[in-house]
Amino acid sequence: MTAASATTLLRGFCACSGVDRTRVGLCRDLIADIRRLDDQLAANEKQMAHTLDEHGTRLREVDGIGAVTAARLIGRTGRASRFPTAAAYANYNGSAPVQIASADTGRHRVSRYGDRQLNCALYTVAMVQTRMPASAGRAYYDKKIDEGKTPAAARRALKRHLSDHVWRIILADEKRRYRLNEADTAGAA
Numbered sequence: 031m032t033a034a035s036a037t038t039l040l041r042g043f044c045a046c047s048g049v050d051r052t053r054v055g056l057c058r059d060l061i062a063d064i065r066r067l068d069d070q071l072a073a074n075e076k077q078m079a080h081t082l083d084e085h086g087t088r089l090r091e092v093d094g095i096g097a098v099t100a101a102r103l104i105g106r107t108g109r110a111s112r113f114p115t116a117a118a119y120a121n122y123n124g125s126a127p128v129q130i131a132s133a134d135t136g137r138h139r140v141s142r143y144g145d146r147q148l149n150c151a152l153y154t155v156a157m158v159q160t161r162m163p164a165s166a167g168r169a170y171y172d173k174k175i176d177e178g179k180t181p182a183a184a185r186r187a188l189k190r191h192l193s194d195h196v197w198r199i200i201l202a203d204e205k206r207r208y209r210l211n212e213a214d215t216a217g218a219a
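Take 31 as the starting number for the sequence shown in the numbering used here and just add one per residue.
Since the hints were made in silico from the structure, they are not lab data. Just so it is clear, the structure is predicted and the values come from calculations on it, not from any experiment. No false leads were slipped in.
If you anchor each label on the Cβ, the simulated ranges turn out as follows:
#	residue 1	residue 2	range
1	A131	T37	55 to 61 Å
2	Q129	P181	18 to 24 Å
3	K179	D63	41 to 47 Å
4	G108	D68	27 to 33 Å
5	V128	K173	19 to 25 Å
6	P163	H80	27 to 33 Å
7	T81	R209	18 to 24 Å
All C-beta atoms in this analysis are idealised placements derived from N, C-alpha and C, irrespective of residue type, glycine included.
The whole structure should be built from the sequences, with the hints applied where relevant.
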């Protein structure tokens, strides 16, 4: 329900008693709060988009990554060069599978360690991509299903794949910014 639809519903309500009038007043206050918070969220998203433009990241070119998710990924990752490999980054964000062995069977599950907020952002991107029929993530997910993996295992594989892809993009953006800063410093001297 949006603030506009709640306002429309509230207009159709007839306040016959003092209690009803109090309820209507409380509802109006809540609707005003929702409008204020919606405006604040829109301003925050606009500010994040502006900051990401200044940052020069290419993360928003990936299906399922908007301004808010890109900001979360960059903010929670920090410097990507601190991770020597994509596997180290996957271990940090908790998307690296952990092998569980019991008797003669071995299987993998998602690590419960790592940065849970970063893991949540990657999960969100993975879920959005699996719902987009033309995305590269959906093609990867379908390929894993065709290989015989369960839907949960295919999602885990996609999340790990996305972790590697995001790390490479953030690392490339970091290197590009470093080269631009070096060129600016050399040009100024």
